[in-house]
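Protein chains: 2
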Amino acid sequence: MGAMSAAAPAPSQPPLIALDAMGGDRMPDAAIEGALRAVSAGERVVLVGDEARLREALRSRGAELPIVHAGDVIAMQDSAGDVRRRKDASIVVATRLVKAGEAAAVVSMGHSGATMAAALLVLGRLPGVERPAILANVPTKTGFTALIDAGANADCKPAWLQQFAVMGSVYARAFYGDPNPSVGLMSIGEEEGKGNELVVAAHALLRETPGVNFHGNVEGRDLLAGTTHVVVADGFTGNVMLKLAEGEAKVLFGMVRDALRSSLRAKLGGLLVRPALRGIADRLDPGTYGAQPLLGVDGYAFIGHGSADARAVRNALGTARKMVDAGVRDRIADGLARLAGG
Amino acid sequence: MGAMSAAAPAPSQPPLIALDAMGGDRMPDAAIEGALRAVSAGERVVLVGDEARLREALRSRGAELPIVHAGDVIAMQDSAGDVRRRKDASIVVATRLVKAGEAAAVVSMGHSGATMAAALLVLGRLPGVERPAILANVPTKTGFTALIDAGANADCKPAWLQQFAVMGSVYARAFYGDPNPSVGLMSIGEEEGKGNELVVAAHALLRETPGVNFHGNVEGRDLLAGTTHVVVADGFTGNVMLKLAEGEAKVLFGMVRDALRSSLRAKLGGLLVRPALRGIADRLDPGTYGAQPLLGVDGYAFIGHGSADARAVRNALGTARKMVDAGVRDRIADGLARLAGG
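Residue numbers (the working numbering), protein chains in the order written: chain A, 1 to 342; chain B, 1 to 342.
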């Protein structure tokens, strides 16, 4: 660690991001390639993983990056609870760098549950947060909707949804550029009494939440329509929605691709429209944001797709840096203090 | 009612369908137009609603259809509970025709909650059904997935999900032509232990359910991928998914439409590919099935979109007729008797 700077950098230096270089389907190659691109763009990254292997992969590219050794890696089929005893696992070592103040954020494309568990165990929760939650940036026609919780908490209590709303509002204020972002509560009807027991109870809380511009209930169609800046849901519903939205985009583009091969006329037209359609596919690519923040932990932790490629890694590192620079953690702590006080 | 035949028709006659001609945004015009198309195609339909108004609308078209008068209509903003006291409401009168054996099925494009409430109140539940559920035919790349429950029950118990699985299997067997349709349980991970408390408990029940070919858990992306013939979910999750899927199709096609106008080159190509793309839009149109059956009631009841047009009405009447002809109600009763016995 001697060669690395502290997490609180000199004003001119970007924050150092600890990248779990072993967790994920295409690691460590995608991690190294993504980190190198990020560093070329001015980011600061430390790779965490098998030092000999990473050193060799860097050498073969004629490149150099700081490395912190971790002799173990939690695989996709392992249990998230393994983080308790496997202290040399790359995600645990990377998260400890944040706790120690040696890195400002941890990014992993590996086991989502293990990344969450390590963040909870090593970093702990911010005061006022009962359950940290995953925030997903869902692409809409004109921008993004912040969906929270996208999968951290399958069973929720009404007060947790209220806390998600505060955290989502802080995030949207920092990232979407609106000083008063609107918050929708996912339900099955717009009227106040519509929904399951959880939502009906959460609705009553959200109406009285300081710092939250509560729009009321929204429905499934509102997520991609961008009706509100933030959509609050329990982690079960949120995760189902996120995977449905991503899957549907794939299925529909598959249908469009097939249709553009269905006749000579369509093939000819397809050649002409392809560049215009590619822009849409890029907009909907989950790799654009690269990774999703786990909000409510006392530090910065980001969870990416297991299938992440170098571009997604590079974007995840950029997202992490923006979150740190925006001071989202401290702003969440302030927002939740207002909640406790209000 | 003198001019109408009984619900159990002579073998050569199709079943008589009672159409709520007043409930819905475009009624009674869409109802009359859709009913006339259905009758031309050999269906038998009775309109239920304001007799003078319907008679006049038919006269202006030079057409005739049987009418049963109903002096009241439950509007979209009314409460579903109104069906208890507003006995002259078109949905209540239409459902009573089914109960009396004068019609074989009721179809409404009006207030969904009122249609459900009327079916529960007037027709009652089949033995072994704790909660009737709405089944939605969700278009996939190659066919349809039966999503149950699509919104009738916001809070569910594990045993209800088991009953949904039986009802969905019976439906899929009758409609999708597979003798052993697979059933997926919507969750947030494929492994048995993944999900919320409801899903984990339902998973254990579904593994032991006679007449259900249980595939295991599925995820949001599987709905449109068509991974299983049937997808079981609580009515909150199912309704959110259905509205998300429909809304996303609209947003994506809007993006494609905009992209095909974004440059001269794209415009030219757009002219060539438009016919091929129109086929996809038609496939994804919820009007293809026209209405969703409420399964588990002792009779046949169908709930359509409030925005239904004549085509959706016509297709809803056709769907209703097929359900009646296939004897889905009796087959569900048999399936649930096996469940009780197993």
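None of these hints come from the bench; they were simulated from the model.
Hints may be right or wrong, so weigh each one.
Identical copies carry no separate label here, and so any pair may be met within one copy or between two of them.
Unchecked claim - In silico SDA-like pairs for lysine to any residue, Cα to Cα no more than 25 Å straight-line:
{"no.": "1", "residue 1": "Lys-141", "residue 2": "Pro-275"}
{"no.": "2", "residue 1": "Lys-194", "residue 2": "His-305"}
{"no.": "3", "residue 1": "Lys-87", "residue 2": "Gly-306"}
{"no.": "4", "residue 1": "Lys-194", "residue 2": "Asp-82"}
All values derive from a computational prediction rather than experimental measurement.
Outcome of the hint check:
no.: 1; hint: Lys-141 x Pro-275; in the structure: both (18 Å within a copy, 24 Å between copies)
no.: 2; hint: Lys-194 x His-305; in the structure: between (33 Å within a copy, 18 Å between copies)
no.: 3; hint: Lys-87 x Gly-306; in the structure: within (21 Å within a copy, 57 Å between copies)
no.: 4; hint: Lys-194 x Asp-82; in the structure: between (40 Å within a copy, 16 Å between copies)
Comparing the model with each earlier hint shows no violations; every hint is respected.
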